[in-house]
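**Q** Heads up: the sequence lines are chains Y and G, in that order. For the record, in the first sequence the residue sitting at position 99 is 99 according to the working numbering, with numbers rising by one throughout. Take the position in the second sequence, starting the count at 1, then add 1000; the result is the number in the working numbering.
Since the hints were made in silico from the structure, they are not lab data. Note that this is a predicted model, so its numbers are computed, not measured. Do not take every clue at face value.
Said to hold, decoys possible - Subject to a maximum C-alpha distance of 25 Å in a straight line, what follows is the list of computed BS3-like cross-link-like pairs (lysine-lysine):
id	chain 1	residue 1	chain 2	residue 2
1	Y	K43	G	K1103
2	Y	K43	G	K1039
3	G	K1045	G	K1107
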Amino acid sequence: EVQLVESGGGLVQPGGSLRLSCAASGFTVSSQYMSWARQAPGKGLEWVSVIDSGVSTYYADSVKGRFTISRHNSKNTLYLQMNSLRAEDTAMYYCGRGAGPIDYWGQGTLVTVSS
Amino acid sequence: DIQMTQSPSSLSASVGDRVTITCRASQGISNSLAWYQQKPGKAPKLLLYVASRLESGVPSRFSGSGSGTDYTLTISSLQPEDFATYYCQQYYSTPYTFGQGTKLEIK
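With these hints in hand, go ahead and build the complete structure from the sequences.
**A** Structure below.
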C-alpha cells in the first residue's frame, strides 16, 4: 500500500528555515517523480516543486532560490528545505507521488510563518 | 507560465443533478490535465488524468473531456459524498499550475 507521511512543519519566524520530510512506503521515491504543493488557509492549491527520477528539479517562481527539493534514496524520503521564510509561505504543505498527475498525496504538514 | 481558469468558482446543486465544471488553459496543453477532489481538512484526491482517463476506484459518474485549451469535468448524477472542492491542474509544462478551484455545495 502506498503511503506518504509528512513531518517537520511548525511555527517559524520570518526569515527562518524549516525542513519538511515526506516518508514514503509501498514504492521507491528514487524511481518516481515527486512533488510538493501547498495550500494557504482558506485558499486553493499551489504547486511548489517537483523532482524527477533523475536529478532535475523545478520550482514555482514564488519559492525559487529559497526552497530546495531533494530525496534520500536509502531512507525513501523526500525533503523540502525552506529558507528565508515569509508570512506568505504559511500553508499546509503536501507531498505527492508523481508530477502529472499526482496520484498519491500525504496528509500534509502545517507551516506557520509569524513573529 | 500557463494560467488555469476554472468556472464557476462555486456551484449549488442537488443530489441527482448533472453538473459540469470548466477549466481553461492560457495556452494549449495537449490533454495534460488532471482533476482532483478535495474535502475539508483532507488531502486532494486524483479523479481523472490525461483529461479523460478515470483513476482506479473513482466512480464512473465522473467523466472528463476537452482538448487544446478547454476542458470539462462532468458529474452525471450528484451523490451526497460529491460535495467538495474540485481543482484542475495542467502538467504540460512547469510550473504545473492548478486552477483556483470550484466549490460544489448542496442546494
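**Q** Name the hints, by number, that the structure is in violation of.
**A** Failing hints: none at all.
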